[in-house]
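**Q** Build the full structure now, drawing on both the sequences and the hints.
Chains as they are written, first to last, in the working numbering: chain A, -17 to 532; chain B, 72 to 253.
Source of the hints: derived by calculation from the structure; they are not laboratory data.
Be careful, since some hints might not be right.
[Said to hold, decoys possible] Computed footprint of chain A on chain B; a stretch qualifies when at least three of its residues, placed anywhere within it, have a C-beta under 8 Å from a C-beta of chain A:
| no. | stretch |
| --- | --- |
| 1 | 103 to 111 |
| 2 | 184 to 195 |
| 3 | 223 to 231 |
[To be verified] The calculated BS3-like cross-link candidates involving lysine-lysine, where the alpha carbons are at most 27 Å apart (straight line), are:
| no. | chain 1 | residue 1 | chain 2 | residue 2 |
| --- | --- | --- | --- | --- |
| 4 | A | Lys291 | B | Lys164 |
| 5 | A | Lys317 | B | Lys188 |
| 6 | A | Lys486 | B | Lys184 |
| 7 | A | Lys129 | A | Lys47 |
| 8 | A | Lys331 | B | Lys164 |
| 9 | A | Lys469 | B | Lys188 |
| 10 | A | Lys434 | A | Lys91 |
| 11 | A | Lys403 | B | Lys188 |
| 12 | A | Lys291 | A | Lys469 |
| 13 | A | Lys326 | B | Lys228 |
| 14 | A | Lys331 | B | Lys74 |
| 15 | B | Lys178 | B | Lys164 |
| 16 | A | Lys482 | B | Lys188 |
| 17 | A | Lys166 | A | Lys129 |
| 18 | B | Lys74 | A | Lys529 |
| 19 | B | Lys235 | B | Lys136 |
| 20 | B | Lys136 | A | Lys469 |
| 21 | A | Lys486 | B | Lys164 |
| 22 | A | Lys342 | B | Lys228 |
| 23 | B | Lys136 | B | Lys164 |
| 24 | A | Lys403 | B | Lys235 |
| 25 | B | Lys235 | A | Lys166 |
| 26 | B | Lys228 | A | Lys331 |
| 27 | B | Lys220 | A | Lys331 |
| 28 | A | Lys530 | B | Lys74 |
| 29 | B | Lys188 | B | Lys235 |
| 30 | A | Lys441 | A | Lys342 |
| 31 | A | Lys331 | B | Lys184 |
| 32 | A | Lys129 | A | Lys74 |
| 33 | A | Lys326 | A | Lys174 |
| 34 | A | Lys119 | A | Lys174 |
| 35 | B | Lys74 | A | Lys482 |
| 36 | B | Lys228 | A | Lys317 |
| 37 | B | Lys188 | A | Lys224 |
| 38 | A | Lys481 | B | Lys184 |
| 39 | B | Lys188 | A | Lys331 |
| 40 | B | Lys184 | A | Lys469 |
Don't be surprised by glycine CBs; every beta carbon is placed ideally from N, CA and C.
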Amino acid sequence: MLFRSRIVLPLAASFMLATMSAFASPPKSEEVAAVPVKTAPILESISKPQSTSTADHSMFKELQKNFKTGPEVTAACLICHTEAAKQVQHTKHWTWESKDAKTGQVRGKKNIINNYCTSPISNEKDCMACHAGYGWKDSTFDFSVEKNVDCLVCHDKTGTYRKLPGFAGHPVYERIEFPPKSGKFVEAVDLKKAAQSIGMPTRTNCGSCHFFGAGGNGAKHGDLDSSMQHPGKYLDVHMNEKGLNFSCTECHATKSHEVSGSRYNTSAAMTGPAHIRGKADASPAACQSCHGDKPHPEKYALLNQHTEKLACQTCHIPEYARDEVGTEASWDWSKATTMGPDGKPFARKDSAGRRAFDSKKGDWVWDSYVIPEYRWFNGESTYKVLGDKIDPNKTVQINEVGGSANDPASRIWPTKVHRGKQPYDKVNNYLTVQHTAGEDETALWHNYDWQKAIGAGMKAAGLPYSGEYGFISTEMTWPITHMVAPKEDALSCAQCHSKKGRLKDVEGVYMPARDSSKLLDIAGWTLVLLSLFGVLIHGGLRIYTSKKKG
Amino acid sequence: MVKVISGFFAGLVVFGLLVYSYAGSLMFREIPSPFGVEETVARIQQNIQNAGNGWSLSGLRNAAKPIEMAGGNVLPVLMIEACSTRYSGPILKEDSVRFLSNLMPCKISVYKKNDGKTYIGMMNSEFVGWLFGSMVGETMSHVAADQAKFVQFDASKPAPAMIKGMPGAATSGSGAGAAGGC
Chain A
-17 MLFRSRIVLP LAASFMLATM SAFASPPKSE EVAAVPVKTA PILESISKPQ STSTADHSMF
43 KELQKNFKTG PEVTAACLIC HTEAAKQVQH TKHWTWESKD AKTGQVRGKK NIINNYCTSP
103 ISNEKDCMAC HAGYGWKDST FDFSVEKNVD CLVCHDKTGT YRKLPGFAGH PVYERIEFPP
163 KSGKFVEAVD LKKAAQSIGM PTRTNCGSCH FFGAGGNGAK HGDLDSSMQH PGKYLDVHMN
223 EKGLNFSCTE CHATKSHEVS GSRYNTSAAM TGPAHIRGKA DASPAACQSC HGDKPHPEKY
283 ALLNQHTEKL ACQTCHIPEY ARDEVGTEAS WDWSKATTMG PDGKPFARKD SAGRRAFDSK
343 KGDWVWDSYV IPEYRWFNGE STYKVLGDKI DPNKTVQINE VGGSANDPAS RIWPTKVHRG
403 KQPYDKVNNY LTVQHTAGED ETALWHNYDW QKAIGAGMKA AGLPYSGEYG FISTEMTWPI
463 THMVAPKEDA LSCAQCHSKK GRLKDVEGVY MPARDSSKLL DIAGWTLVLL SLFGVLIHGG
523 LRIYTSKKKG
Chain B
72 MVKVISGFFA GLVVFGLLVY SYAGSLMFRE IPSPFGVEET VARIQQNIQN AGNGWSLSGL
132 RNAAKPIEMA GGNVLPVLMI EACSTRYSGP ILKEDSVRFL SNLMPCKISV YKKNDGKTYI
192 GMMNSEFVGW LFGSMVGETM SHVAADQAKF VQFDASKPAP AMIKGMPGAA TSGSGAGAAG
252 GC
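**A** Structure (structure tokens):
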């Protein structure tokens, strides 16, 4: 029994195990891999980033303060971003100056008297609502103070950061009724929240100034207004919120805070294939950067030939201000200071509810879905700057768009031409600077006295004033480049190739169906008539001879 | 005889060609406006409201909007809808011409063309009216006379505001959501 239990049973068990092992099939590789390993929860166990940025600024103790002013926020930003303010201080957004590399002429808002609000000089407290800085209230502003650079105007993402006229570029620190006596209130900005929210500029940031230039929604540019905040495909294929959804900086690529694509340095005729923006790119904002200079499929080779004479915008932006916002077509300052029947200042709106008259500012004419005016443009514009002489017998071109049909760097561009009537010095023959904004005795919008307003403005600008003023017609030309329509809505051939087509006034280029040669026409019609004559004679003779035979 | 018959048919063909060429312009009219689209609309609306004879605004439609919503572009087209119960009543009461209700309310369209100018388009009510008998013709001749006044503008008067709402819109019943007027 002992033998059986101690020797036979273990031997039998060993034999059975060995037999089972021998006949068992080897394990499949899948089965090996199926050995339970804890893989699934890894991503789930890691906390998700709060944003696409590499830093959550709400975590920084430097930004966890109850900031009282904008410069305090900037000082906190500069603790980490040590070079940011210096970079901004070298841009037009800070200096409001732009030097023409070829001529050396210094342009920019500070030096040009435009035909909208005219000049910021002596009106800084109001105009600097759109300056990327704090405290520019007069000519004493120190452009070297870094904490006066306004980081939040471009980087706030709360959408609550507002700068109003009258505060020299500071945001709203206390709840305020704006416009005064309107019953509407603007809430104070929460600077701590704004500082912790920061990110790359959005359409809201850029649009807070560029959509509202000249003091009104869409007033200035014509191709930029608040409708571009949430545009549909019809309005802009690139910025279409349900499509590509580009932000401004997608095209206006930025390097060291220098934003590319300025009207002072426009690339009017870029050539070459498409490439990735930012790679040694002279003009990343140009269409050609992404689309190349042969953007159409090969079967439309004829269209590609057009790029040698036409800017892309000419066909692909068939109209600008393609929305109900519209844009200003003209501004007549000579009607300012006109009072109502009761002798008091008044204002009137047009049929679409846009400003049409204001005793402070004069008359406006608005339009929407505007057909552009087309002209040759090589990217260079010459500006009238402070003190430049004008011819009082001619319409003053505040900027003269360069280029011609014979210039290989020129293309036909769509433009907005803004017509104005504005004051000038009748003796010295230059456009005047006027002190408009403010509550002091010389401000036009306070006492409605042109003489005092021009006197104060010219003094601030450092220009002699004769004491005699008049009003002169002026024009400003703005190349159109936003509001790119879907390709189906590009101009059709006949819209240009006809006698009364879009390009009827563009000179220097032969356009089939628009242009004709008298000599060639006479030769052609002579041939037609001779052929007809020949057919008639031939036919007549055959009838005559057949009758004679018959 | 052959010459007479062939001459008759040739005359018919010429007449047919003339009708084909000019029927469109006989039935519809287009006139340029000295104002922009919105101001033209606003001034016509004001004229309609001041016209008397039972005229009222039924609505203002933007025919370009649905195209924009679908991602396309067309130049602005606004359609002013107006109706006069004085003129619509007799037509709607008469079974034999009740189908003409599909022409109601009267529409005046204001649009921009590629030359950048604003135009007014409307039906030649008098001509169309006479195609449907004397009663309709008589009624529509009054409509045509009033329509002519709608597009007479006094530029010395300031531009009124455009009326965007749909006056008289029903809020319940079988006409819910539809504009009133006719």
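**Q** All the hints need checking, so say for each whether the structure fits it.
**A** Consistency of the hints with the structure:
1. 103 to 111: n = 4 at 8 Å, threshold three: holds.
2. 184 to 195: Holds, because 3 residues of the stretch 184 to 195 of chain B bring their Cβ atoms closer than 8 Å to Cβ atoms of chain A.
3. 223 to 231: holds (count 3)
4. A/Lys291 / B/Lys164: violated (63 Å)
5. A/Lys317 / B/Lys188: Between A/Lys317 and B/Lys188 the Cα gap is close to 25 Å, so the pair holds against 27 Å.
6. A/Lys486 / B/Lys184: With Cα atoms ~16 Å apart, A/Lys486 and B/Lys184 stay inside 27 Å; holds.
7. A/Lys129 / A/Lys47: holds (16 Å)
8. A/Lys331 / B/Lys164: violated (43 Å)
9. A/Lys469 / B/Lys188: Given pair A/Lys469, B/Lys188 holds - Cα atoms ~24 Å apart, limit 27 Å.
10. A/Lys434 / A/Lys91: holds (23 Å)
11. A/Lys403 / B/Lys188: Holds. A/Lys403 to B/Lys188 sits at ~23 Å (cutoff 27 Å).
12. A/Lys291 / A/Lys469: The given pair, whose Cα atoms are some 19 Å apart, holds under the 27 Å limit.
13. A/Lys326 / B/Lys228: The hint holds at about 20 Å.
14. A/Lys331 / B/Lys74: violated (70 Å)
15. B/Lys178 / B/Lys164: holds (21 Å)
16. A/Lys482 / B/Lys188: holds (13 Å)
17. A/Lys166 / A/Lys129: Not OK: A/Lys166 and A/Lys129 at ~31 Å, beyond 27 Å, violated.
18. B/Lys74 / A/Lys529: Roughly 22 Å separates the two Cα atoms, so the pair holds.
19. B/Lys235 / B/Lys136: holds (14 Å)
20. B/Lys136 / A/Lys469: The hint holds at about 19 Å.
21. A/Lys486 / B/Lys164: violated (54 Å)
22. A/Lys342 / B/Lys228: Holds. A/Lys342 to B/Lys228 sits at ~21 Å (cutoff 27 Å).
23. B/Lys136 / B/Lys164: Between B/Lys136 and B/Lys164 the Cα gap is close to 35 Å, so the pair fails against 27 Å, i.e. violated.
24. A/Lys403 / B/Lys235: violated (32 Å)
25. B/Lys235 / A/Lys166: Status holds; Cα separation ~24 Å.
26. B/Lys228 / A/Lys331: Status holds; Cα separation ~13 Å.
27. B/Lys220 / A/Lys331: holds (25 Å)
28. A/Lys530 / B/Lys74: Measuring from Cα to Cα gives roughly 25 Å; hence the hint holds.
29. B/Lys188 / B/Lys235: holds (22 Å)
30. A/Lys441 / A/Lys342: Given pair A/Lys441, A/Lys342 holds - Cα atoms ~21 Å apart, limit 27 Å.
31. A/Lys331 / B/Lys184: holds (25 Å)
32. A/Lys129 / A/Lys74: Since the Cα atoms of A/Lys129 and A/Lys74 sit roughly 17 Å apart, the hinted pair holds (cutoff 27 Å).
33. A/Lys326 / A/Lys174: violated (44 Å)
34. A/Lys119 / A/Lys174: holds (25 Å)
35. B/Lys74 / A/Lys482: This hinted pair is violated, its Cα atoms lying about 46 Å apart.
36. B/Lys228 / A/Lys317: It holds: about 17 Å lies between the C-alpha atoms, which stays within 27 Å.
37. B/Lys188 / A/Lys224: violated (33 Å)
38. A/Lys481 / B/Lys184: At roughly 16 Å apart (the allowed maximum being 27 Å), B/Lys184 and A/Lys481 satisfy the hint.
39. B/Lys188 / A/Lys331: Given that 27 Å is the threshold and the Cα spacing comes to 21 Å, the pair holds.
40. B/Lys184 / A/Lys469: holds (20 Å)
The structure does not agree with the numbered hints 4, 8, 14, 17, 21, 23, 24, 33, 35, 37 stated previously, though it agrees with the rest.
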